[in-house]
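Trainee: Please put together the full structure from these sequences, using the hints given.
What follows is each chain in one-letter form.
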Amino acid sequence: MKLEETIRILYDAGVEFVVIGGAAMGLQGSAHLTRDIDFCYARTAKNMDRLAKALEPFHPVLRGAPPDLPFRFDAKTIGNGLNFTLTTDLGDLDFLGEVSGLGPFQDVLAASDMKSVGGVECRVLSLEGLIKSKIAVGRPRDLYVLPELRGLNEVKKKTGLD
Amino acid sequence: MLDLVTNPPPGSELAKAKESGVDLTLFISTLRRTPTERARSLSEGSRIFQIAKQTLLNER
Numbered sequence: 002m003k004l005e006e007t008i009r010i011l012y013d014a015g016v017e018f019v020v021i022g023g024a025a026m027g028l029q030g031s032a033h034l035t036r037d038i039d040f041c042y043a044r045t046a047k048n049m050d051r052l053a054k055a056l057e058p059f060h061p062v063l064r065g066a067p068p069d070l071p072f073r074f075d076a077k078t079i080g081n082g083l084n085f086t087l088t089t090d091l092g093d094l095d096f097l098g099e100v101s102g103l104g105p106f107q108d109v110l111a112a113s114d115m116k117s118v119g120g121v122e123c124r125v126l127s128l129e130g131l132i133k134s135k136i137a138v139g140r141p142r143d144l145y146v147l148p149e150l151r152g153l154n155e156v157k158k159k160t161g162l163d
Numbered sequence: 022m023l024d025l026v027t028n029p030p031p032g033s034e035l036a037k038a039k040e041s042g043v044d045l046t047l048f049i050s051t052l053r054r055t056p057t058e059r060a061r062s063l064s065e066g067s068r069i070f071q072i073a074k075q076t077l078l079n080e081r
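Protein chains in written order, with my numbering: chain A, 2 to 163; chain B, 22 to 81.
The hints are simulated quantities; they were obtained by calculation from the structure and are not laboratory data.
Some hints could be false.
[To be verified] Once the Cα atoms are required to be at most 27 Å apart in a straight line, the calculated BS3-like pairs of lysine-lysine come out as:
no., chain 1, residue 1, chain 2, residue 2
1, B, 37, A, 158
2, A, 133, B, 39
3, B, 39, A, 157
4, A, 3, B, 74
5, A, 159, B, 74
6, A, 77, B, 39
7, A, 133, B, 74
All values derive from a computational prediction rather than experimental measurement.
Mentor: Shown next as structure tokens:
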């Protein structure tokens, strides 16, 4: 997983995205580890085209799919789908068109904070947004992290640290 | 902050997190880091995890 590099690549390509999931937890200060990077992306034609072109050099394939399964991560494929779990040369990347408990990109964007990662100003899902989405998904592994996220949210508010 | 995480106020979210087994002292180090440092730490943690996973698979 190359978080800093992936963010820079998407940013340089002009992709509209919000870092969500475990990577957002880590960027917000959680000690939780993650193996993949999750993003919510804007589903405009321009953005889907930019996303496809940004990832093309990194050979995206569907994670877990048979190697001989024909797949091309282009704007048309993105437009015909919604959520994509990919294996790339940058590591495992997930691109979601909407987030449970929050909604489509604009709602996720509204629930995000700006963070500077490697000199790139990018949007990262807020702790409140993460808590809301984890409750909505409701799997044991999502509910498991709620006490940490709520505690982290409280300590940030009380100390002013970010 | 040290007092807050070592003696969280009763009934607070921090107290609930501590009761559920969260090591609150980790917040001291993670919140001292910049987002860039956190990103690098996440990537490094992921790399170490992959090495450990591959080592276990190779031993089977």
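Trainee: For each hint, tell me whether it holds in the structure or not.
Mentor: Structure-based check of each hint:
| no. | hint | result |
| --- | --- | --- |
| 1 | 37/B to 158/A | holds, 16 Å |
| 2 | 133/A to 39/B | holds, 21 Å |
| 3 | 39/B to 157/A | holds, 16 Å |
| 4 | 3/A to 74/B | holds, 18 Å |
| 5 | 159/A to 74/B | violated, 38 Å |
| 6 | 77/A to 39/B | violated, 48 Å |
| 7 | 133/A to 74/B | violated, 31 Å |
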